[in-house]
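Colleague: Letter by letter, the chains look like this.
There are 2 protein chains.
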Amino acid sequence: MFQFTATYTDLYQLSMAQVYFNKNQNQQAVFDYFFRKLPFKGGYAIFAGLEEILSILEDLRFSEEDIEYLKQHDFEPKFLNYLKDFRFRGTINSVAEGEVVFPTAPILQVEANLIEAQIIETILLNTLNFQTLIATKASRIRNVAGDKTLLDFGLRRAQGPGGYYATRAAMVGGFNGSSNVITGRDYNISISGTMAHAFVQSYDDELVAFRDFAENRPKNCVLLVDTYNTLKSGMPNAITVAKEMESRGQKLLAIRLDSGDLAYLSKQCRKMLDAAGLDYVKIAASNQLDEYVIQSLQNQNAPIDIYGVGTNLVIGKPDGALDGVYKLSFANNKPRIKISESISKVTLPHKKQVYRIFNEDGQQIGADAIGLADEWHLNRMHHPVEPFKNLVIATLKQEALLKPVMQNGKRNHPKKSIEEIANFSKQQLALLPDEYKRFDNPHIYKVGISDRLKEERDRLIAEHKN
Amino acid sequence: MFQFTATYTDLYQLSMAQVYFNKNQNQQAVFDYFFRKLPFKGGYAIFAGLEEILSILEDLRFSEEDIEYLKQHDFEPKFLNYLKDFRFRGTINSVAEGEVVFPTAPILQVEANLIEAQIIETILLNTLNFQTLIATKASRIRNVAGDKTLLDFGLRRAQGPGGYYATRAAMVGGFNGSSNVITGRDYNISISGTMAHAFVQSYDDELVAFRDFAENRPKNCVLLVDTYNTLKSGMPNAITVAKEMESRGQKLLAIRLDSGDLAYLSKQCRKMLDAAGLDYVKIAASNQLDEYVIQSLQNQNAPIDIYGVGTNLVIGKPDGALDGVYKLSFANNKPRIKISESISKVTLPHKKQVYRIFNEDGQQIGADAIGLADEWHLNRMHHPVEPFKNLVIATLKQEALLKPVMQNGKRNHPKKSIEEIANFSKQQLALLPDEYKRFDNPHIYKVGISDRLKEERDRLIAEHKN
Numbered sequence: 001m002f003q004f005t006a007t008y009t010d011l012y013q014l015s016m017a018q019v020y021f022n023k024n025q026n027q028q029a030v031f032d033y034f035f036r037k038l039p040f041k042g043g044y045a046i047f048a049g050l051e052e053i054l055s056i057l058e059d060l061r062f063s064e065e066d067i068e069y070l071k072q073h074d075f076e077p078k079f080l081n082y083l084k085d086f087r088f089r090g091t092i093n094s095v096a097e098g099e100v101v102f103p104t105a106p107i108l109q110v111e112a113n114l115i116e117a118q119i120i121e122t123i124l125l126n127t128l129n130f131q132t133l134i135a136t137k138a139s140r141i142r143n144v145a146g147d148k149t150l151l152d153f154g155l156r157r158a159q160g161p162g163g164y165y166a167t168r169a170a171m172v173g174g175f176n177g178s179s180n181v182i183t184g185r186d187y188n189i190s191i192s193g194t195m196a197h198a199f200v201q202s203y204d205d206e207l208v209a210f211r212d213f214a215e216n217r218p219k220n221c222v223l224l225v226d227t228y229n230t231l232k233s234g235m236p237n238a239i240t241v242a243k244e245m246e247s248r249g250q251k252l253l254a255i256r257l258d259s260g261d262l263a264y265l266s267k268q269c270r271k272m273l274d275a276a277g278l279d280y281v282k283i284a285a286s287n288q289l290d291e292y293v294i295q296s297l298q299n300q301n302a303p304i305d306i307y308g309v310g311t312n313l314v315i316g317k318p319d320g321a322l323d324g325v326y327k328l329s330f331a332n333n334k335p336r337i338k339i340s341e342s343i344s345k346v347t348l349p350h351k352k353q354v355y356r357i358f359n360e361d362g363q364q365i366g367a368d369a370i371g372l373a374d375e376w377h378l379n380r381m382h383h384p385v386e387p388f389k390n391l392v393i394a395t396l397k398q399e400a401l402l403k404p405v406m407q408n409g410k411r412n413h414p415k416k417s418i419e420e421i422a423n424f425s426k427q428q429l430a431l432l433p434d435e436y437k438r439f440d441n442p443h444i445y446k447v448g449i450s451d452r453l454k455e456e457r458d459r460l461i462a463e464h465k466n
Numbered sequence: 467m468f469q470f471t472a473t474y475t476d477l478y479q480l481s482m483a484q485v486y487f488n489k490n491q492n493q494q495a496v497f498d499y500f501f502r503k504l505p506f507k508g509g510y511a512i513f514a515g516l517e518e519i520l521s522i523l524e525d526l527r528f529s530e531e532d533i534e535y536l537k538q539h540d541f542e543p544k545f546l547n548y549l550k551d552f553r554f555r556g557t558i559n560s561v562a563e564g565e566v567v568f569p570t571a572p573i574l575q576v577e578a579n580l581i582e583a584q585i586i587e588t589i590l591l592n593t594l595n596f597q598t599l600i601a602t603k604a605s606r607i608r609n610v611a612g613d614k615t616l617l618d619f620g621l622r623r624a625q626g627p628g629g630y631y632a633t634r635a636a637m638v639g640g641f642n643g644s645s646n647v648i649t650g651r652d653y654n655i656s657i658s659g660t661m662a663h664a665f666v667q668s669y670d671d672e673l674v675a676f677r678d679f680a681e682n683r684p685k686n687c688v689l690l691v692d693t694y695n696t697l698k699s700g701m702p703n704a705i706t707v708a709k710e711m712e713s714r715g716q717k718l719l720a721i722r723l724d725s726g727d728l729a730y731l732s733k734q735c736r737k738m739l740d741a742a743g744l745d746y747v748k749i750a751a752s753n754q755l756d757e758y759v760i761q762s763l764q765n766q767n768a769p770i771d772i773y774g775v776g777t778n779l780v781i782g783k784p785d786g787a788l789d790g791v792y793k794l795s796f797a798n799n800k801p802r803i804k805i806s807e808s809i810s811k812v813t814l815p816h817k818k819q820v821y822r823i824f825n826e827d828g829q830q831i832g833a834d835a836i837g838l839a840d841e842w843h844l845n846r847m848h849h850p851v852e853p854f855k856n857l858v859i860a861t862l863k864q865e866a867l868l869k870p871v872m873q874n875g876k877r878n879h880p881k882k883s884i885e886e887i888a889n890f891s892k893q894q895l896a897l898l899p900d901e902y903k904r905f906d907n908p909h910i911y912k913v914g915i916s917d918r919l920k921e922e923r924d925r926l927i928a929e930h931k932n
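Protein chains in written order, with our numbering: chain A, 1 to 466; chain B, 467 to 932.
Worth double-checking, as some hints may not be accurate.
[What the hints assert, rightly or not] Derived pair list, reagent style SDA-like, types lysine to any residue, alpha-carbon separation capped at 25 Å:
#  : chain 1 : residue 1 : chain 2 : residue 2
1  : A       : Lys71     : B       : Pro702
2  : A       : Lys71     : B       : Lys903
3  : A       : Lys219    : B       : Asn490
4  : A       : Lys267    : A       : Asn466
5  : B       : Lys489    : A       : Lys78
6  : A       : Lys345    : A       : Gln363
7  : A       : Lys23     : B       : Pro543
8  : B       : Lys800    : A       : Asn466
9  : B       : Lys881    : A       : Tyr292
10 : A       : Lys84     : B       : Pro684
11 : A       : Lys23     : B       : Lys709
12 : A       : Lys415    : B       : Met467
13 : A       : Lys219    : B       : Lys811
14 : A       : Lys23     : B       : Lys503
15 : B       : Lys903    : B       : Lys920
16 : B       : Lys698    : A       : Leu372
17 : A       : Lys317    : B       : Asp789
18 : A       : Lys416    : B       : Tyr535
19 : B       : Lys503    : A       : Gln3
20 : B       : Lys698    : A       : Asn466
21 : A       : Lys351    : B       : Leu862
22 : B       : Lys698    : A       : Gln3
23 : B       : Lys811    : A       : Tyr292
24 : A       : Lys219    : B       : Lys912
25 : A       : Lys327    : A       : Asn220
26 : B       : Lys550    : A       : Gln3
27 : B       : Lys544    : A       : Asn220
28 : A       : Lys345    : B       : Glu865
29 : A       : Lys71     : B       : Asn654
30 : A       : Lys71     : B       : Lys685
31 : A       : Lys334    : B       : Pro684
32 : B       : Lys537    : A       : Phe2
33 : A       : Lys219    : B       : Lys931
34 : B       : Lys931    : A       : Tyr203
35 : A       : Lys78     : B       : Val674
36 : B       : Lys920    : B       : Trp842
37 : A       : Lys267    : B       : Lys685
38 : A       : Lys23     : B       : Ser699
39 : A       : Lys267    : B       : Lys811
40 : A       : Lys351    : A       : Glu386
In case anyone wonders, no lab produced these hints; they're calculated from the structure.
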């Protein structure tokens, strides 16, 4: 649906690129993608958007229109000629899409010349930050919804075409389907839907509206019962139509509630349906749902089978953004660092690898360790900031998380389907102990740095202080 | 950049459409677009996205790929044939883009057959809700920034391609430019940018980095001074380069701060620049800015000339969504209503007009009145919910806000430029008294309904209660 050209970037990337180009400074470099703060005050995040950004990077070009436009912005003909042939030809190592990830540790690492690495920064951050945010939100909702059906209904309140990817990311995080047709089309996502209040309103009689809908859409028929009065009008009419469907050998799939006290109403509706012999008719509910409301409904044993989640999912409420950054760690054959007043904002130099640590029984111990890329096994991990906190991990199993996904601008594996990614994510999340998944004061996952990485970082800080 | 096809919608729109199609229920209808709650606890909103949605609607089609996809979803061949020729041929009356708007009153009104009106609902809400949110956020930032330069730097943290439109909407709300190249290209928006920390880091020496940049990009040169140490390294190096530029007859445009205490640092930097005879060099600042931080910086007389605003602008933090809805008010020659337990959520029936009220001196009195479309002048407006609050407006000037913008699917005016829209918005906002613009407990703008509209609404409620 999108024609992303390479001008989907910030102007300064191009300004810097021209300097690199003219000054023969276009050296090989390494950039790390990572975030500093977990969203939603949660204990983990679900990495999403990787397969998408790889596809985007494979096709990224400046169009003729782009070049014409840039001519008006003080770029030199020689450099614009270079941009005409621009391709991303770099190498990317990354955590797999759907993996459970934590702050500080690089999730993805770009190795390319400075020009290519800078030009892709904006679209890479834009894609990964947003999809990781939404997959994480979806995962939190899945955690409290058990095996209930979760549907994304958010497109109308999404941040413009952000909604297109919100649906994709929601599936990575564990949703079952969406009302969003175009994303369903493009990613083979299950699409579903009910009816709007306007449908019922457009008829003079709610019963006739339900009847017409059921006759015309007998498979997957869901009747919206709250346009006028849920218990006195919507439900009796829905039951009448369900019985008529039975007489035709059809089954009403569900009724839907979109207002009022969903715990109370779902229980009343369940009783009415059961009393009418319609125990197979499901109850769908929507209206400002999020993980907290669903948790409350689940705790109250509300007999809701299908949750339709809209705004709060697709905009990643309340955070709205993941603070992911893209930082230079190596260039021109030297490790690079960004100094800050706060040690927690000093970047980690060098090309690195991230290891997930398991105990003798193969259980996660709740720790990732960051080492230099040429270290093969780490002896110890240090808290990145607190000086006296460290952990000996020499005897523990260490699994490398960053793996090659793109070489010389070409992905080195077939594009994964959303289903594959979602299944992988589910399986990885199952390995994470529950304490990291709770909403209130979740357990803090440890992320540390190796002896050598710490030495290198501290050496470079000292160097810059002089 | 986008290929919006008509499947950019919720599945239920198509399910309902097939019923209308088969049951010969495809009557003419009127839908109202409005919102219930002002964003950001503010006193007003800036309507944005209109010119965009009109362009989208003019071109909206189902592609062959769409039709093939829908074949798998239980739609009938006859209906799919109809969709092949689908065009939006309706009529739209709307408030002008950039206008100051308030809750409850229709901002835009669609008259079309039910099928066309439903299929466009999702993309219309998606476009208008988001752009109105961001234009409003931008306007709040403009209100505190006075005549300082405001730049959008948000693309990397935007909600995916939502960032594309966030930049457009930010300009409607009063921003001066953006770092976002692709939106700049498509909407003739001023683009600008500085340099990243990575640029400075990629050099062994900050001074050489600055020097190379200044030589290569002498126009609009902005140096980022906080990579290592703002006052001890970045500023002295920037001053050296500024002096070198002077010797070549060039001028350093600005230095940029991206961390630390911006009030303190900007004052120190100003002193250093002035002491070096560089009083023309501006100071740009960024880092988690929003209207509150900028207000505080302005109150502290921080000598900042250019504010770069990112995440908080482009995601409309903290709200993230405008609660705009699209409600049926007339169909099949009858007024339509949606009942709710809460009177504030009962919809207003009939085709309507909205009037802005002015006193004898031509000043806004802070009130909009909603009447039936065939009322030409209103005598009184009632509070829509509170039973005894009303205001006589018979002698006051009343200006109709809803005007035809699209007829039979074609816009009836040339597409307006962002500059035109932004200028109009600025002028309209200037008419609104300051009390509605303050952040804390802003004055509440009155929106009321006419005698006849109230009668009609109450009659329909009574009818449905029986």
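Colleague: Now look at each hint and say whether the structure bears it out.
Modeller: Hints, verified against the model:
Under the criterion of a C-alpha separation no larger than 25 Å, the hint pairing Lys71 of chain A with Pro702 of chain B is inconsistent with the structure, at around 33 Å. Straight-line distance between C-alpha atoms of Lys71 of chain A and Lys903 of chain B comes to about 41 Å, which puts the hinted pair past the 25 Å bound. Straight-line distance between C-alpha atoms of Lys219 of chain A and Asn490 of chain B comes to about 21 Å, which keeps the hinted pair within the 25 Å bound. With a C-alpha separation of about 70 Å, the suggested pairing of Lys267 of chain A with Asn466 of chain A is violated against the 25 Å cut-off.
With a C-alpha separation of about 64 Å, the suggested pair Lys489 of chain B and Lys78 of chain A falls outside the 25 Å cut-off, and the hint is violated. Annotation: proposed proximity of Lys345 of chain A to Gln363 of chain A is violated, straight-line Cα distance about 31 Å (limit 25 Å). Between Lys23 of chain A and Pro543 of chain B the alpha-carbon distance is near 62 Å, which puts this suggested pair outside the 25 Å criterion. Taken as a hint, the Lys800 of chain B and Asn466 of chain A pair is broken in the structure, with Cα atoms around 80 Å apart against an allowance of 25 Å.
Note on Lys881 of chain B and Tyr292 of chain A: the hinted pairing is violated, with a Cα-Cα distance of about 44 Å set against a maximum of 25 Å. This hinted pair checks out: Lys84 of chain A and Pro684 of chain B have alpha carbons roughly 24 Å apart, not beyond 25 Å. For a cut-off of 25 Å, the pair hint linking Lys23 of chain A to Lys709 of chain B stands: about 21 Å separates their Cα positions. This hinted pair checks out: Lys415 of chain A and Met467 of chain B have alpha carbons roughly 23 Å apart, not beyond 25 Å.
At roughly 32 Å between alpha-carbon atoms, Lys219 of chain A and Lys811 of chain B are farther apart than 25 Å, so this suggested pair is violated. Proposed proximity of Lys23 of chain A and Lys503 of chain B is contradicted: the alpha carbons are some 54 Å apart, above 25 Å. Distance check on the hinted pair: Lys903 of chain B and Lys920 of chain B sit about 30 Å apart at the alpha-carbon level, beyond 25 Å; violated. Taking the CA atoms of Lys698 of chain B and Leu372 of chain A, the gap is near 31 Å; set against the 25 Å cutoff, the hint is violated.
Straight-line distance between C-alpha atoms of Lys317 of chain A and Asp789 of chain B comes to about 13 Å, which keeps the hinted pair within the 25 Å bound. Our distance criterion of 25 Å between C-alpha atoms is met by Lys416 of chain A and Tyr535 of chain B, whose separation comes to about 20 Å. Using a Cα cut-off of 25 Å, the hinted pair Lys503 of chain B and Gln3 of chain A is violated, with the two alpha carbons roughly 35 Å apart. Of the supplied pair hints, the one linking Lys698 of chain B and Asn466 of chain A holds, its CA atoms being roughly 11 Å apart against a limit of 25 Å.
In summary, the hint linking Lys351 of chain A to Leu862 of chain B is not supported, as the alpha carbons are separated by about 71 Å, beyond the 25 Å threshold. In summary, the hint linking Lys698 of chain B to Gln3 of chain A is not supported, as the alpha carbons are separated by about 45 Å, beyond the 25 Å threshold. At roughly 24 Å between alpha-carbon atoms, Lys811 of chain B and Tyr292 of chain A fall within 25 Å of each other, so this suggested pair holds. Between Lys219 of chain A and Lys912 of chain B the alpha-carbon distance is near 47 Å, which puts this suggested pair outside the 25 Å criterion.
This hinted pair does not check out: Lys327 of chain A and Asn220 of chain A have alpha carbons roughly 49 Å apart, beyond 25 Å. Between Lys550 of chain B and Gln3 of chain A the alpha-carbon distance is near 24 Å, which keeps this suggested pair within the 25 Å criterion. A threshold of 25 Å between alpha carbons decides the hint, and for Lys544 of chain B with Asn220 of chain A the separation of about 20 Å falls inside it, so the pair holds. Proximity of Lys345 of chain A to Glu865 of chain B is assessed by CA-CA distance (about 55 Å); at most 25 Å being required, the pair is judged violated.
A threshold of 25 Å between alpha carbons decides the hint, and for Lys71 of chain A with Asn654 of chain B the separation of about 14 Å falls inside it, so the pair holds. About 14 Å separates the Cα atoms of Lys71 of chain A and Lys685 of chain B, which keeps this hinted pair within 25 Å; it holds. Only pairs whose Cα atoms come within 25 Å are accepted, and Lys334 of chain A paired with Pro684 of chain B is rejected, the gap being roughly 28 Å. A C-alpha spacing of about 24 Å is found between Lys537 of chain B and Phe2 of chain A, which places the hinted pair at or below 25 Å, so the restraint holds.
The suggested pairing of Lys219 of chain A with Lys931 of chain B is violated, with an alpha-carbon distance near 32 Å, which exceeds 25 Å. Our distance criterion of 25 Å between C-alpha atoms is met by Lys931 of chain B and Tyr203 of chain A, whose separation comes to about 16 Å. Restraint check: the Cα-Cα separation between Lys78 of chain A and Val674 of chain B comes to about 23 Å, which is no more than 25 Å; the hinted pair holds. A hinted pair counts as satisfied when its Cα atoms are at most 25 Å apart, and Lys920 of chain B with Trp842 of chain B qualifies at roughly 16 Å.
Among the hinted pairs, Lys267 of chain A with Lys685 of chain B is inconsistent with the structure: their alpha-carbon atoms are about 69 Å apart, more than 25 Å. Distance hint between Lys23 of chain A and Ser699 of chain B is fulfilled; the C-alpha atoms sit about 23 Å from each other, no more than 25 Å. Of the supplied pair hints, the one linking Lys267 of chain A and Lys811 of chain B holds, its CA atoms being roughly 24 Å apart against a limit of 25 Å. For the given pair, Lys351 of chain A sits about 23 Å from Glu386 of chain A by alpha-carbon distance, which is consistent with the 25 Å threshold.
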